[in-house]
Structures are given as structure tokens and as C-alpha cells.
Amino acid sequence: MADPFIVAVLAGAVRSGTAVLYAAAGEVITERSGIINLGLEGIMLVGAVSGIAIASITGSPFIGISAAFVGGGLLGLVHAILSIRFQANQIASGIVLTILGGGLSAFFGIAYVGKQINSFSAVKIPFLGDIPFIGSIFFNHDIMVYGTYILIPLLAFLLYKTKLGLAIRAVGEDPDSASAAGIRVSHVRYFATIFGAALAGMGGAYLSLVYAQGWIENMTAGRGLIAVGLVLFAGWDPLKAMFGAYLFGGAQSLELRLQAIGTDISPYILGMIPYLLIIIVFTIGTIRQRKVNTGSPTALGLPYNPNK
Amino acid sequence: MNKFIFLAAAFIAWGLQLFYPTVSLAVEQKSQPLKIGFLYVGPIADNGWNYAQELGRQYVEKSLGNKVETIFAENIGENAEAERVMEKMIAQGAKLIFATSFGYLEPVERVAKRHPDIIFMQLSRTTDIKNIGNYFYWQYEPFYLSGIVAGRMTKSNKIGFVASHPIPPIVQSINAFALGAQSVNPKAKVKVVWTNTWVDPPIEVEAAKGLIDTGIDVLAFDQSDSQSIVKTAEDNNVYIIGCYSDVHQFAPKRWLTGACCNWGLFYAKVAQAVINHNWKPGVTHCSLKNDYVKLASFGPAVSPTIKKEIAVAKNKIANETVSIFHGPLKDREGKMRLAKDQKPDLKWLAEMNWFVPGVEGSLSKGNK
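As you go down the protein sequences, you meet chains A and B in turn.
Sequence positions in the first sequence follow our numbering and run 1 to 308.
Sequence positions in the second sequence follow our numbering and run 1001 to 1368.
Since the hints were derived computationally from the structure, they do not count as laboratory data.
Please note that a few of the clues may not be correct.
Said to hold, decoys possible - Calculated lysine to aspartate or glutamate pairs in the EDC-like style (CA-CA distance at most 20 Å, straight line):
hint, chain 1, residue 1, chain 2, residue 2
1, B, K1330, B, E1309
2, B, K1155, B, D1235
3, B, K1189, A, D264
4, A, K124, B, D1213
5, B, K1158, A, D264
6, B, K1035, B, E1069
Full structure from sequences and hints, please.
Below, the structure is given as C-alpha cells:
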């Protein structure tokens, strides 16, 4: 087998999986608290445009990312107010966010079309980057990719080993009992929803700041929805979401690189590979989950009414 | 006192009412600008296809000044939404409407039948309705010229092409591009990767990187947004050929040229004809001949010799002394596609679903 080819495909998998990974990791936290947020597509777009706007004004992509974090978080706040304060239907609120985010980003993005920004370039990590095979796949990227290497284990730690994580899981499984145990359900859910959306905003900023290095309307091209799907596949676990995101990125990268080396397969069939793979993996994942009974958070999508 | 003011005010209002219609009528007779509506299928913020259309609209405003007034609507679906938007434009006074996407024909036909006094211009499709004009743009012509540049600049004889959808207009561009490259460099090969999307920056970048890994040193594309691919080429030290819009600023070192549309010139010509009341329905071909398609500016790497060569080739095509697709032309499987004295017509071009020799990449086999 051609080694450089596999390395290139896998390195591409990490790169193109990263945007989806930020959004999916955020959604894991949100959904674990019992709130489902289908508005990731709109939130990513708002993150993408905030990132570009602030990066082009300040000249610093780091400040751009922070802006994307805040921008995504603000949209998350809207979802939180609607679905926690007003106990609105979370599916409907999510769809509203998708449309709202698309419109907002298009409106504010117009001013940044064709603007040049300072982006992150790939930086090889000394020592780690020199490990054969692994080094070129994982340790020759930009700083936002490295960010996920720290973020994802941190999120897993937060979820399973801290008091806050326990609270998040508790309000997602059984808000009544959690409330009886002294956890303030809506506080925890507000945090999880806003934080999750803020991470999705960073995912959007990865698209605009690193990939496109500029603003293009609707540049997420459905990645927000894919991220929502990945959470299901990952069984609401941050580490598995990482694996899922790389699998999706890998399928896309493989398809394009198979074409580049001159495989004579219909472009339509090749284009289906990522989605076919997702369907297969979903099916396997669902069957497996039924067996070990680690499904969705029990209170997912249900509004919590403390006075009932 | 109060009563007096009220009476005076009523009197003045009555007086104004008497005069107002005549005043506005006088203004109308003096100069009634032609109101033009533009329908865009995507966002003007794409730095590509729709942006090029928008530049065209701005050119019309600038060149015809107060003789025209323009309105536009972006992100309009090729369905009943287009019909609704056109009706709204007509209600606002539009007398000329440009429908700048392939799929608008059906809604345009329905609206045109209801408003026989309004003139419509439909892209890339023909119709029998008297108040619809049709225009085709032959982007493969500038692609042929940019192919010459690519063929001259490549050292590895491998040229990459990130292509959107495997449909005839795109296949025409790829074939013309390859023929252009081979006309000066018979060894040049064009490697095609399909993205199956008009806009998706990560997919475009990964496709470009995949091609770069195979050793190409010149890259072309037809995605409707330009920025991501052009910057990827610049960062990886690969020459880049643009599409639709001139975005040389994204690749100051590696930009060669681009196959662009020059919509403004064409739109202004149509608008002028409508103003002069000598507009006629029929088919316009936007080609190098009338400069409605053109090459983008040249980058610093293109030598004066190549520029001269391009100028000669352009004149030959514009004067129709040479046809880009001329017989005998075989596809890469060796099947004869254009006989020796056969001339390519609209139907032949519209059915192009095969690659010329020297193009690598998948394409469903033609069924002709």
C-alpha cells in the first residue's frame, strides 16, 4: 500500500473532522443536560462570521476565535431562554435558530466578503511531529486542531469526574430527583446549552478562519446537522464523538483523494461514500446501544417544569 | 386662533392636492429611468458566480447612470419563489428582468405570459415566448486560453482541476482547458476531482490538497467561491487559475489568470437596447468575440511571450478562424465525437458528457 497516500487521507480526516468535532462535542454537553439543540447549523454560521469579523478588525485570529465562542454562546442563550425559561418545544426552537443564524450571518457577513485575514498555519509539534506515521497524521496541523486534543479529554473529565459533570448528567436523566438533591436544574441547563453552542461557534470559526480564510455565505454546508447526528452515533460521549468526527472527515478525504490518484469510479458514487458510511455506522451503533442499553439521556428534549 | 390655523392648514392641503399630480407628472415625463431587476440564485457574497453577476449589475448602474435604476434579489430558489420575486419587481416598476440561472426558465415563462410588456433575459435556455431573450455564455473559451497558460507554466506536465458538478457546461470547460494546454504542450495531463458541490470550502481545500499531493504544479477549478482554493494554491506553491471572478489578490505570487465572465458589458448593452426601443428577442452568445467572457488579469509569473501567445489565440477564436472544438475530435475512449467537417452546435455542446484524451478522472460513460 502507498504509505504517503494513507497518511495524507488520515491527516485530511483530522483536518476536515475538526469543525464538526467542535460542534459535536458542544452538543454532547448540551444534550447530556437534557436540552437538544438542532440549531447548530445556524450557530456555526454565526460563529464563522463573528470569527472573521473580529479577526479582520483586530488582525488576530485568536481574538477571532474568542468572538466566535461568544457569538455562538449568545445564540445558545437564545435557545436556553426559549427552551428553559419559556419551556418551548426544543425542536422548533432549534429550527428557528438554524434560520435565524443563517440570516444573521448573511446580513453581517456581507461587509467581510473578500476581506483578507491572518490565519493559523500548520505548525509541526517538535518531537511528536517527528514520530513516523502518527506524527504527520496528528501533529502537523494548525493550533485549532491541537485545541481539540486538549478540549475533548477535558470535556470527558468534566462530564465523568467532576461535580459539575455529575450535575449535568443528573439533570439530563432525572431533573426531579436532581432538583430534590439540591441541584438547580435550570442553572445547569443554561450553562450546558450556552457552553455547547459556544463550542459550535468555534467549529464555525474553524471553517472561516482556517479552511476558507474568509466569509462565504452558508459555508457550513450542512455540517451542523452532521454534528447533531454524530452525537447520537457517539452515544453522548466526547471521546467517541472525536472518533466519529474523524470517521466522517476521513470518508470525505478518502473520496477526494481516491479521485485524485485516478480511480475510475462514478463521481456520484464516490460522493455518497461519507454518507453511506455514516448510515452503516449509525445502524451498527444503534443496534449496539440497544444491547448494552446506554441510550440517550432520559429527559432529553423534555421541558422541565419545577412547579408541576 | 386655533380654528384659524386649522382652516389655513386645510386650505393649504387642498391646494397641494390640486398641484401635486401635475408636479409629479412633469417629473415623470422629464426622465423615467429604466428599472431593471436581477435575480441571483446564490449569495452575492460568494466571491464567484453570483458576485460576478453583482459586479455586472453595478457596472450597469455606473455606465448608464441616471438612465437606469436597478434592484436585485439574492438566494432566490428556482421555483415559485422566483415567480413571486419577479412579480414583486414588476410591481415596483421593473421593465427588464435578468434571470441569471439555468433553472429560472419555467417561472420566467409563467410570469412573462402574464406580463407581455416586460422584457426577460434567461440564461442558458431557449424559449418561444416573444418577450423573453436568451443568452448563453461560453466560458469554455476563456478556459481554453487559460489552458494555454497552464500548459506553458507546468513543469511536471500534471495540471489539477477541482470541478463542481459533472454537467455539460463544466465538462466543456475542462475539455477546452485540456485542449488549450495540449495545444502548446502535448504532454500535459489534466487530473479532475469532482466535489459534487458548488460551495463547500473544506471539501474544496481537501480536493486541492489531494491533487497537489499527486505532483500537479498548476491548479484550476470551477467552484462558485474562489477564496479557499486560491489561497490553498498560494500556500502550497502551486500556480492557480481562477474562475468567474478575478481574485488575484488572494494569491499575489501564484496567480496566473482566470476564466471570467464580463456580465456588465452585456447587461448594459441589453439595457441600452431596451431604452432605445430596439430590443429584439433571440439568442445572444456571450463569447470572446463580443468580450462578454474574458480572461482575468495576469499574475507576475506569466511572461510577455505567453501573453503575446494568448493575444494571438484570442484573436483567432474571436475572429472564428479557429474553433476550439473542431473535427476530427475523439474522446479518451477513442470514440469519434466530432467528424472532420462537422461544426459544433448548441445541441452538441449541451450533450457533452465525455472527456478528450489527456483528461484523467472519473466521468460516467457517455451513452451516445
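Structure-based check of each hint:
1. K1330/B to E1309/B: Cα-Cα ~26 Å, so violated.
2. K1155/B to D1235/B: Judged against 20 Å, a Cα distance of about 19 Å means the pair holds.
3. K1189/B to D264/A: holds (16 Å)
4. K124/A to D1213/B: Roughly 18 Å between the alpha carbons, so the hint for K124/A and D1213/B holds.
5. K1158/B to D264/A: holds (18 Å)
6. K1035/B to E1069/B: Holds, at about 5 Å.
Going through the hint list in order, the structure does not satisfy hint 1, though it satisfies all others.
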